[in-house]
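If you read the sequences in order, they're chains C, F, G, H, D, W, A, Z, S and P. Mapping to the UniProt record's numbering: the first sequence position 69 is 69, numbers consecutive. Mapping to the UniProt record's numbering: the second sequence position 28 is 28, numbers consecutive. Mapping to the UniProt record's numbering: the third sequence position 54 is 54, numbers consecutive. Mapping to the UniProt record's numbering: the fourth sequence position 91 is 91, numbers consecutive. Mapping to the UniProt record's numbering: the fifth sequence position 42 is 42, numbers consecutive. Mapping to the UniProt record's numbering: the sixth sequence position 74 is 74, numbers consecutive. Mapping to the UniProt record's numbering: the seventh sequence position 5 is 5, numbers consecutive. Mapping to the UniProt record's numbering: the eighth sequence position 38 is 38, numbers consecutive. Mapping to the UniProt record's numbering: the ninth sequence position 85 is 85, numbers consecutive. Mapping to the UniProt record's numbering: the tenth sequence position 74 is 74, numbers consecutive.
Bear in mind the hints are in silico, worked out from the structure with no lab data behind them. Treat the hints with care, as some may be off.
Derived lysine-lysine pairs resembling DSBU-like cross-links, with alpha carbons at most 35 Å apart [to be verified]: (1) 40(F) to 29(W); (2) 93(S) to 40(S); (3) 27(Z) to 87(D); (4) 29(A) to 50(S); (5) 50(D) to 29(H); (6) 87(S) to 87(A); (7) 27(C) to 87(A); (8) 27(C) to 29(F); (9) 29(S) to 50(P); (10) 93(D) to 40(H); (11) 93(A) to 93(P); (12) 40(F) to 29(H); (13) 29(Z) to 93(D); (14) 87(C) to 40(W); (15) 87(C) to 93(A); (16) 93(Z) to 93(S); (17) 29(G) to 27(H); (18) 40(F) to 50(H); (19) 29(Z) to 87(Z); (20) 93(P) to 50(Z); (21) 50(H) to 50(A); (22) 93(F) to 29(F); (23) 50(H) to 87(F); (24) 87(W) to 93(C); (25) 93(F) to 29(H); (26) 29(W) to 27(C); (27) 50(D) to 87(P); (28) 27(Z) to 29(D); (29) 29(W) to 40(A); (30) 27(H) to 29(Z); (31) 93(W) to 93(A); (32) 40(H) to 29(F); (33) 29(Z) to 50(D); (34) 29(C) to 40(W); (35) 50(S) to 50(F); (36) 93(P) to 40(S).
The lines below spell out each chain.
Protein chains: 10
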Amino acid sequence: MALFHVRMDVNIPRDLDPEVRAETIAKEKAYSQELQRAGKWPEIWRIVGKYSNISIFDVDSADELHEILFNLPLFPYMDIEVMALTKHGSDVK
Amino acid sequence: MALFHVRMDVNIPRDLDPEVRAETIAKEKAYSQELQRAGKWPEIWRIVGKYSNISIFDVDSADELHEILFNLPLFPYMDIEVMALTKHGSDVK
Amino acid sequence: MALFHVRMDVNIPRDLDPEVRAETIAKEKAYSQELQRAGKWPEIWRIVGKYSNISIFDVDSADELHEILFNLPLFPYMDIEVMALTKHGSDVK
Amino acid sequence: MALFHVRMDVNIPRDLDPEVRAETIAKEKAYSQELQRAGKWPEIWRIVGKYSNISIFDVDSADELHEILFNLPLFPYMDIEVMALTKHGSDVK
Amino acid sequence: MALFHVRMDVNIPRDLDPEVRAETIAKEKAYSQELQRAGKWPEIWRIVGKYSNISIFDVDSADELHEILFNLPLFPYMDIEVMALTKHGSDVK
Amino acid sequence: MALFHVRMDVNIPRDLDPEVRAETIAKEKAYSQELQRAGKWPEIWRIVGKYSNISIFDVDSADELHEILFNLPLFPYMDIEVMALTKHGSDVK
Amino acid sequence: MALFHVRMDVNIPRDLDPEVRAETIAKEKAYSQELQRAGKWPEIWRIVGKYSNISIFDVDSADELHEILFNLPLFPYMDIEVMALTKHGSDVK
Amino acid sequence: MALFHVRMDVNIPRDLDPEVRAETIAKEKAYSQELQRAGKWPEIWRIVGKYSNISIFDVDSADELHEILFNLPLFPYMDIEVMALTKHGSDVK
Amino acid sequence: MALFHVRMDVNIPRDLDPEVRAETIAKEKAYSQELQRAGKWPEIWRIVGKYSNISIFDVDSADELHEILFNLPLFPYMDIEVMALTKHGSDVK
Amino acid sequence: MALFHVRMDVNIPRDLDPEVRAETIAKEKAYSQELQRAGKWPEIWRIVGKYSNISIFDVDSADELHEILFNLPLFPYMDIEVMALTKHGSDVK
């Protein structure tokens with residue numbers, strides 16, 4: 001399994017149709033929660049003061065991660081930064 | 001309780017006495033593990049390719065976080081970036 | 001209580017309906033003043049030459065701060081940077 | 001009176017004589033507290049996780065501010081950023 | 001009196017009505033020249049190759065400077081950076 | 001298998017003992033070539049005008065990549081940036 | 001022959017006609033694959049989490065590379081960074 | 001005549017011999033004042049909170065400016081940024 | 001005579017009328033070639049992979065350079081960076 | 001033939017032996033002039049106010065350019081940025 005640190009900054013265009021907007025956000029939530037329940041997306045936090053999140057992904061490969069991210073309903077409106085993680089020598093778990 | 005995302009980039013000077021160096025790293029590890037076991041420092045990951053970590057702290061306050069960080073044995077040799085986190089609306093936990 | 005340093009850079013789109021614009025700015029002012037009077041937002045200054053402010057928030061938690069910021073009427077048109085503060089050892093207060 | 005927002009990042013060289021170091025820090029504290037008591041330096045906060053502070057100065061002029069900053073005992077070891085402030089239209093004070 | 005160094009980068013939107021554009025630029029010029037004649041805006045230079053200027057303001061306070069800048073007819077289309085100046089020890093004047 | 005794009009910028013301190021320097025560079029070369037022959041490090045190019053390389057790693061996991069990078073003889077003197085890659089939809093291979 | 005490292009970040013405007021968009025992407029793919037088969041564009045990888053690629057070009061000259069890049073069907077919607085490469089002293093090939 | 005805007009950030013090494021330091025600063029002052037009196041260096045201001053200055057040079061050519069700057073006694077310890085200026089269309093002088 | 005190094009990054013808006021676009025580009029070419037033939041614009045190169053150029057100007061003054069750049073038909077769609085040059089001590093010409 | 005735009009920023013360490021310093025600079029000059037006379041290094045200019053140059057190289061390949069740059073006597077003390085150039089469509093030569 002591979003751990004990745006992902007930051008997503010969301011920037012939905014103002015002129016997006018409000019219904020499309022609401023629908024896309026709802027789809028994003030369902031999509032994220034499905035992956036959280038499947039254990040692929042174990043952590044998601046909101047950055048205080050921003051429409052952004054910090055997430056941890058636990059996937060089989062970087063290929064799987066790209067597949068997941070590319071299919072995020074909000075992907076066209078997000079700036080995504082990926083950082084590979086590994087176990088830290090001081091980690092007690 | 002307050003969640004914080006912390007990135008630490010370590011840069012120990014080359015001319016630090018090797019014994020002091022080894023001792024400081026050992027103290028850092030013990031200090032970190034004590035806080036991990038106390039639940040204050042629930043996550044620590046190594047960033048691939050770097051002498052850096054991404055950590056999550058779960059503390060009573062920002063004051064407590066500063067206290068913890070300022071007393072890190074490697075504090076004088078680290079660049080630390082702190083970001084306040086909050087629960088994400090899509091989080092299933 | 002937790003202290004946060006917040007910088008807000010406002011960038012209202014030129015094509016926002018003038019009435020909506022005026023109304024949003026009025027709501028922002030009322031919202032800010034209510035929080036100032038409640039002691040949650042003790043300081044707000046204008047940065048000279050910019051449509052930006054530096055504010056100090058004194059809140060129960062980072063969660064409360066996010067709640068406040070996310071509900072700013074101008075939130076969709078602002079870039080917000082948050083920095084956690086703690087008491088300084090030289091502070092005489 | 002003029003308000004200034006000042007950020008100071010301290011970086012004392014490792015090879016500074018420990019006595020000189022301790023003495024300089026003590027002088028800095030005394031100097032700061034004297035100015036705080038005189039009302040020139042009304043606010044000073046520590047940035048969480050950093051050997052840095054955010055300060056507010058309330059001085060007669062930018063000339064006086066420079067005089068104050070240039071004479072900080074830690075001046076040679078600090079990076080200082082100054083930003084002029086003015087009253088915000090929403091300020092209730 | 002207080003001296004400030006101000007850089008203004010102008011970026012007028014392409015779709016601004018040409019008459020409004022011409023009128024705004026004319027107002028900006030008149031406004032600037034009035035302040036120059038009043039001694040408040042002693043220097044203004046064009047940066048070679050850019051629609052930008054470097055200006056020196058000589059005002060009673062930062063508050064007055066903000067008042068002046070905020071009322072620039074081109075303010076909504078400018079990025080402004082302010083830097084406080086003070087007399088240099090080598091200045092012969 | 002996982003593909004990673006790695007940039008290494010080498011900055012060997014001037015005062016490193018010349019023998020240690022030569023030895024470390026020789027070890028680095030042997031270490032790199034062993035990994036190239038094992039198929040773990042399929043590509044390495046020099047960036048023109050710099051003491052830097054762009055490398056492609058083909059490893060079992062990010063954990064293995066970190067292990068490899070952390071043990072580079074020149075690791076203490078390098079700045080390393082890692083980027084996860086995946087197959088491109090237009091790739092004909 | 002000359003090797004170049006090229007990063008392309010794609011940013012297709014939202015309001016591009018969907019048919020034009022699909023057609024342009026199809027043309028880009030065909031164009032890229034033709035050059036890959038001709039040996040001019042030996043490597044293309046997707047950067048995980050981004051609508052971006054890292055490519056290696058093996059061309060007769062920088063002039064030929066510019067010709068290729070300038071004629072990319074997606075050229076108007078891409079930010080391209082070029083870096084000249086040369087053989088690395090440790091390369092075993 | 002040609003006008004140039006020059007910013008100089010001074011960073012004298014801590015280990016410079018104190019006498020050499022004092023002497024170099026004295027030479028710098030004399031050199032600057034001579035050029036000010038000759039009309040070549042009409043303006044010099046201190047940036048508040050920094051060991052930096054903003055200067056205006058009025059020279060025959062960029063060649064003359066380089067000659068002047070390269071011979072500054074503090075040149076080896078300064079970071080210098082030069083920007084060519086021209087008359088502004090709104091300048092009343 | 002004064003030498004300047006100029007980088008121009010062109011960014012023509014997508015919605016510019018195609019005829020206006022073609023005409024502006026044609027005018028730009030004619031304007032540039034006239035100045036090249038007059039010896040004012042001795043060098044112009046395309047940066048590989050970009051709609052950008054690096055140019056050398058040989059003009060009487062910075063004022064003349066600004067005049068030339070400000071009147072470039074593509075000026076409203078370009079980002080221009082100017083750097084003053086002088087003869088290098090190793091130049092054999 | 002291939003054209004490259006190269007910027008070199010020189011930063012010779014203060015503690016370099018003065019004789020070694022003088023000798024290295026002399027070697028650099030001779031090396032540069034030899035390449036200029038051979039037509040490989042057709043242009044070299046000093047950037048005003050900096051110990052930096054902008055150079056144009058006209059070489060057979062990027063490999064040859066790297067060979068030349070890597071063997072510059074001042075290479076260990078320089079930061080070098082390389083940019084590939086190609087003929088501009090408006091060039092009259």
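Checklist entry - Failing hints, ascending? => result 1, 5, 7, 8, 11, 16, 17, 20, 25, 26, 28, 32, 34
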